[in-house]
Amino acid sequence: MRLSPFNPRTSELCEPYNWSLWQNWLLADMYAPDHIQEYYAIRSACGVFDMSPIPKYHIHGPDAVRYLDRIVTQDVSRCAVGQVLYTAWCDDEGKIMDDGILFRLGEESFRLTTGDPWLFWLEDNTANLNVVIEDVTDLGTLALQGPFSRDLLKTLSKADLDNLRYFHMIEAELAGIPVEISRTGYTGDLGYEIWVQPHQAVPLWDAIFEAGQDYSLVPFGDYALEMARIEAGLLLIDADFYSSKRVVHDFEKSSPLELGIGWAVKMNKDYFIGQKALKAELARGLAWETVGLEIDLNSLEAVYAEFGMPLYLPYEAWMEAVPVYSDGQQIGKATSGTWSPVLKKYIAIARLRPQFTSPGTRVNMEVTIDAQRKQTQATVVKMPFFNPSRKTSLGKV
Amino acid sequence: MNAKNKKYDAIVIGGGHNGLTAAAYLAKAGKQVLVLERRHLLGGAAVTEELYPGFKYTVYSYVVSLLPPQIIRELELPKHGLHIMPLEGSFTPMEDGNYFANYPDEDDTLDEVRRHSRRDAAIYPVFSNMMYDLAQAVKPILSMVPPDPANPGLSGLKTLSAFGSHFKSLGKEKFYWLTKVMTMSAYDFLSEWFETDVLIATIAQVGIIGTFLGPKSPGTAYVLLHYYLGELDGATSSWGIQKGGTGGVSEAIASAARSYGAEIRCNAPVEQVIVKNGQAVGVVLENGDEIYAKTIISGCDPKVTFRKFVEEKDLPSDLVEAIDNFKFRGSSGKVNLALDALPDFPAMQDKALIRAMQEICPSVDYLEKAYDDAKYGSFSKRPLLGCVIPSAVDPTMAPPGKHVMSIFVQYASYDMPAHGNRDQQRDAFGKAVIDTLEEFSPNIRDLILHKQVITPWDIEKVVGITEGNISHGELMIDQLFFMRPAPGYSKYRTPIRNYYQCGSGTHPGGGIMGTPGRLAAAEILKDGN
Chain R
1 MRLSPFNPRT SELCEPYNWS LWQNWLLADM YAPDHIQEYY AIRSACGVFD MSPIPKYHIH
61 GPDAVRYLDR IVTQDVSRCA VGQVLYTAWC DDEGKIMDDG ILFRLGEESF RLTTGDPWLF
121 WLEDNTANLN VVIEDVTDLG TLALQGPFSR DLLKTLSKAD LDNLRYFHMI EAELAGIPVE
181 ISRTGYTGDL GYEIWVQPHQ AVPLWDAIFE AGQDYSLVPF GDYALEMARI EAGLLLIDAD
241 FYSSKRVVHD FEKSSPLELG IGWAVKMNKD YFIGQKALKA ELARGLAWET VGLEIDLNSL
301 EAVYAEFGMP LYLPYEAWME AVPVYSDGQQ IGKATSGTWS PVLKKYIAIA RLRPQFTSPG
361 TRVNMEVTID AQRKQTQATV VKMPFFNPSR KTSLGKV
Chain E
1 MNAKNKKYDA IVIGGGHNGL TAAAYLAKAG KQVLVLERRH LLGGAAVTEE LYPGFKYTVY
61 SYVVSLLPPQ IIRELELPKH GLHIMPLEGS FTPMEDGNYF ANYPDEDDTL DEVRRHSRRD
121 AAIYPVFSNM MYDLAQAVKP ILSMVPPDPA NPGLSGLKTL SAFGSHFKSL GKEKFYWLTK
181 VMTMSAYDFL SEWFETDVLI ATIAQVGIIG TFLGPKSPGT AYVLLHYYLG ELDGATSSWG
241 IQKGGTGGVS EAIASAARSY GAEIRCNAPV EQVIVKNGQA VGVVLENGDE IYAKTIISGC
301 DPKVTFRKFV EEKDLPSDLV EAIDNFKFRG SSGKVNLALD ALPDFPAMQD KALIRAMQEI
361 CPSVDYLEKA YDDAKYGSFS KRPLLGCVIP SAVDPTMAPP GKHVMSIFVQ YASYDMPAHG
421 NRDQQRDAFG KAVIDTLEEF SPNIRDLILH KQVITPWDIE KVVGITEGNI SHGELMIDQL
481 FFMRPAPGYS KYRTPIRNYY QCGSGTHPGG GIMGTPGRLA AAEILKDGN
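So the protein sequences, as listed, match chains R and E.
Going by this note's numbering, the first residue of the first sequence is number 1, and it counts up by one from there.
Going by this note's numbering, the first residue of the second sequence is number 1, and it counts up by one from there.
The shape of chain R in the complex, shown without the other chains:
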């Protein structure tokens, strides 16, 4: 088991001792006995999530752009220094291996974050290009998310945070500590990710929490994060999809086009791994499409009423395959779902047959009560479910 560089602080704060493991790193599920307060901090004030365990690779060298363009689906040559891209990467069959965030640190220097560790694969695919790949997962990373995250950071730094655009990054000092700040996150809200050398992790944490007292800052764990990322319509590996390299059966694999992230697949750029298969898939038509579902609460309430129960809502996000039907025929599955406290809606991410994916289509989702299979009505909607303008807007001048 490995410990984040922020562990001296997170271990003191994780009151219910509720931890899980992420790549064998210790990760707090929640810091308070109830994660709903943490969720509301993300949507009303601000919160900090220790995302240090996320695998990180420093990719640099004269051929870094050519190399990355060969392996990821995004067009890296069009990524400016200081810009950040969401991208996927596939196997030769065009099946997704993982998704992640690519940061252009310099002309020949990038950082890639991933869901699973991929050092072997990144190295195996250098194809004699002049590029160096280093695992820099030890770097400390904090996600500071929420409507007041910018106000908080501005009290610690002279950097021009008001003009830092969504999916861009800068080098800065926070309370005198050198960091990189990227306007990125996994919550769909205004937010930043802060990258720091491990030996300065604790002083950075302390500075942020001291300043945070004025902004109702709380640490948040995985439970609150899951609710927020589903509202934001963001996919999770091992929940909404599986890595094609880590499953055995073909049905467990999916393509980025099926997952609704085709916008991050630049089909017309030069060769990349999986390009040919993805083009063929597009020509042939998709087998699945990924959409949002809004569960009809009146219908769900009626299902619970059959059991003499009041409506039950999932305050914790669930991540499992749940059948979705139309006219009694299964047409796909929901893969993640949660009650959305800000939207007052029960929402789910689902992968359905394409003829059922236009917004407004009525479908049924399975609900299990007392081991009895029931169905509730749901409506197909576009994702993201929650997309406030502050996520991308610039600060006050």
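Hints were generated in silico from the structure; no laboratory data involved.
A hint or two may mislead.
[Said to hold, decoys possible] When the alpha-carbon atoms are kept at most 16 Å apart in a straight line, the in silico EDC-like pairs for lysine to aspartate or glutamate are as follows:
#1 E:Lys402 / R:Glu210
#2 R:Lys344 / E:Asp233
#3 R:Lys344 / E:Glu76
#4 E:Lys174 / E:Asp133
[As the list claims (entries may be wrong)] Taking CB as the label site, the calculated pair distances span:
#5 R:Ala283 / E:Asp107: 49 to 59 Å
#6 R:Leu311 / E:Leu157: 28 to 38 Å
#7 R:Pro314 / E:Lys158: 29 to 39 Å
#8 R:Asp116 / E:His450: 54 to 64 Å
#9 R:Asn125 / E:Asp344: 54 to 64 Å
Every residue gets a Cβ at the ideal spot worked out from N, C-alpha and C, and that includes glycine.
Position chain E against the provided structure of chain R, taking the given hints into account.
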């Protein structure tokens, strides 16, 4: 067309949250609706005002819990800005330095009860289940028009018979408990379960909110249940605060109403309802303007609805008598504070409880003594205080690092001025609040940047609610269901044709709930208006 001459389907008098709710539902049904609000801002008693620069006060109200999910869903309120954040339970400091806390996590609460009494900890989950069941049993009544058993009519008979089987399905034991909760005092009811005084006090204080009764007065157990019906996303009896103050709830409902086409006018006080041949046809504003509509709906309290807007000659004498006897008796006030920093409660071990409701009700006797003062026309020397610090979870309420504290205070007798002039009484009342709070939070006085003190007569004068009762009349068993506001006049209609009522003085009563407005709109539409 000149707005003055425009003909509306419906005019709603009063832009409080119930008036706005009724307007939203009527507009959604395609009606041309005009809302007339006396003040410069919407919300009635659910308003937010920045009375000290940078600090927002939820002036007259404080927490939200009773707003039902149907209204949130049907009016799509989150889209219009509804954003309710749950409070982190409650915290009751005791006079000996000990405390009692109620946490969002049930096991934490049980640990806390166990710290005071192992016996009470063992029975607490049984009590919680029973209250939950009773709340579920009563809940359907709250979302329907109450049938009058004396004059049920055909649909009323059906409803009554449905009730019959509904209550039968509760089983004997729960039915007896339901009878007890309808008739007993909060203290007697709770004492059958618990031995821990501070636990009883913390639960019982909910039973006296908005009433002119003490925890040992019969009828308060029902009020307790009334508030148990509150929920946040299905979590019963949990309390929340609206982002930006409770005015945000009113604004969200108003925004929904406007999105359906309702017209809302502020600074438009209504003087009178125009009645011709026993039928309401319009209103006269204080400035003399006359506006006509097919239907007139009053969101004001029963006294204003029946004794101000219309003439006695247009009403039957039994209604006049019932309204004159209707008990308002405003018993609560508010103190709003702008604070330089978070206050310190020495008894607070878990600092997260600063985001909970801080209840100053250290014992049952404390509450009953507070009532003793009020019985004889004074304010409580040591009142019940329900404090929330919205800025601890919502940084939009105050500048960075600064805070607002919203303090619900009971008892403040409406009759207080009998003992001196109002300004002096208000100052003395405000002083009693701060003196009391200081006993439990010694640094509070030093932190105060600005203070607003509100008495029942301030609520009456500014908001317009008779005797300043936050529920538009006490929530007592003789003023509820088919008796609210008067026997025979409980179905949102009035003896004057096309004149309706939709305020908290109608079923099911007070709190930021919206149900009276929703039910009234449904009845109006049912009448073909």
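We went through each hint and held it up to the structure:
1. E:Lys402 / R:Glu210: holds (15 Å)
2. R:Lys344 / E:Asp233: Status holds; Cα separation ~7 Å.
3. R:Lys344 / E:Glu76: Distance of about 9 Å is within 16 Å: holds.
4. E:Lys174 / E:Asp133: Judged against 16 Å, a Cα distance of about 8 Å means the pair holds.
5. R:Ala283 / E:Asp107: 49 to 59 Å: The hint (49 to 59 Å, Cβ to Cβ) holds, given that alanine 283 of chain R and aspartate 107 of chain E are roughly 57 Å apart.
6. R:Leu311 / E:Leu157: 28 to 38 Å: For leucine 157 of chain E against leucine 311 of chain R, whose Cβ atoms are near 29 Å apart, the range 28 to 38 Å holds.
7. R:Pro314 / E:Lys158: 29 to 39 Å: Given range 29 to 39 Å: holds, Cβ gap about 36 Å.
8. R:Asp116 / E:His450: 54 to 64 Å: holds (55 Å)
9. R:Asn125 / E:Asp344: 54 to 64 Å: At roughly 59 Å between Cβ atoms, aspartate 344 of chain E and asparagine 125 of chain R fall inside 54 to 64 Å, so the hint holds.
The structure meets every hint from the earlier list without exception.
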